[in-house]
Amino acid sequence: MGSAMEVHRTLGPGFLESVYQKALARELLLRQVVFEEQVPLIVRYKEAIVGDFIADFVIDTCIIIEIKAISTLHPKHEAQTLNYITLTGFRLGLLINFGANSLQYKRIVK
19 MGSAMEVHRT LGPGFLESVY QKALARELLL RQVVFEEQVP LIVRYKEAIV GDFIADFVID
79 TCIIIEIKAI STLHPKHEAQ TLNYITLTGF RLGLLINFGA NSLQYKRIVK
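In the working numbering, the protein residues as written are 19 to 128.
If you're looking for bench data, these hints aren't it; they were derived computationally from the structure. Treat each hint with caution, since some may be false.
Said to hold, decoys possible - Below, computed lysine to aspartate or glutamate pairings styled on EDC-like, alpha-carbon distance capped at 20 Å:
| id | residue 1 | residue 2 |
| --- | --- | --- |
| 1 | Lys-124 | Glu-35 |
| 2 | Lys-40 | Glu-24 |
| 3 | Lys-40 | Asp-78 |
| 4 | Lys-40 | Glu-54 |
| 5 | Lys-40 | Glu-55 |
| 6 | Lys-94 | Asp-70 |
| 7 | Lys-128 | Asp-78 |
| 8 | Lys-94 | Glu-35 |
| 9 | Lys-128 | Glu-96 |
| 10 | Lys-124 | Asp-78 |
| 11 | Lys-124 | Glu-96 |
Claimed, not checked - Listed next, with one range per pair, are the computed distances between beta-carbon atoms:
| id | residue 1 | residue 2 | range |
| --- | --- | --- | --- |
| 12 | Lys-128 | Ser-89 | 38 to 48 Å |
| 13 | Pro-31 | Arg-62 | 32 to 42 Å |
| 14 | Ser-36 | Gly-69 | 17 to 27 Å |
Computed from a prediction, not measured in an experiment: that's the story for all the values here. The beta carbon of each residue, even a glycine, is placed where N, CA and C say it ideally should be.
When you get a sec, could you build the whole thing from the sequences and use the hints?
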């Protein structure tokens with residue numbers, strides 16, 4: 019969370035999600051955090067691909083980070099993050115919103 023706080027403190031609200039994505043990736047890199055960016059997630063049903071998603075970040079191969087740049091978080095964003103941690107088998111997801119005046123975040127635990 020320290021990386022996200024630093025990005026929000028430096029940039030503030032008002033930018034596109036893609037700007038925060040790049041800034042957070044830079045901050046994670048500077049802090050030497052092990053991460054993957056724009057990770058494809060596949061939904062399979064009886065050996066057929068029936069859906070796909072992109073997770074913004076995977077940290078240390080065990081935490082999903084989903085970022086937003088909107089005025090406020092909604093339950094559908096929590097559900098999206100929960101779907102991602104269900105697909106990966108991870109136990110923790112962080113939903114982070116850079117779009118509000120104060121950084122908003124929710125821990126999603128499965």
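Evaluated hints:
1. Restraint check for Lys-124 and Glu-35: the C-alpha separation of about 17 Å stays at or below 20 Å, so the hint holds.
2. Annotation: proposed proximity of Lys-40 to Glu-24 holds, straight-line Cα distance about 13 Å (limit 20 Å).
3. Between Lys-40 and Asp-78 the alpha-carbon distance is near 18 Å, which keeps this suggested pair within the 20 Å criterion.
4. For the hint linking Lys-40 to Glu-54, the alpha-carbon distance of about 12 Å falls within 20 Å, and the restraint holds.
5. Restraint check for Lys-40 and Glu-55: the C-alpha separation of about 9 Å stays at or below 20 Å, so the hint holds.
6. With a C-alpha separation of about 17 Å, the suggested pairing of Lys-94 with Asp-70 holds against the 20 Å cut-off.
7. Only pairs whose Cα atoms come within 20 Å are accepted, and Lys-128 paired with Asp-78 is accepted, the gap being roughly 17 Å.
8. For the suggested pair Lys-94 and Glu-35, the alpha carbons sit about 17 Å apart, so the restraint of at most 20 Å is met.
9. For the given pair, Lys-128 sits about 12 Å from Glu-96 by alpha-carbon distance, which is consistent with the 20 Å threshold.
10. Taken as a hint, the Lys-124 and Asp-78 pair is honoured in the structure, with Cα atoms around 19 Å apart against an allowance of 20 Å.
11. For the hint linking Lys-124 to Glu-96, the alpha-carbon distance of about 8 Å falls within 20 Å, and the restraint holds.
12. Distance hint check: the CB atoms of Lys-128 and Ser-89 are about 27 Å apart, inconsistent with the given range 38 to 48 Å.
13. Hint check: Pro-31 to Arg-62, Cβ distance near 38 Å, so the stated range 32 to 42 Å holds.
14. Between Ser-36 and Gly-69 the beta carbon distance is about 23 Å. The supplied range of 17 to 27 Å therefore holds.
When each numbered hint is compared with the structure, a violation occurs for hint 12 only.
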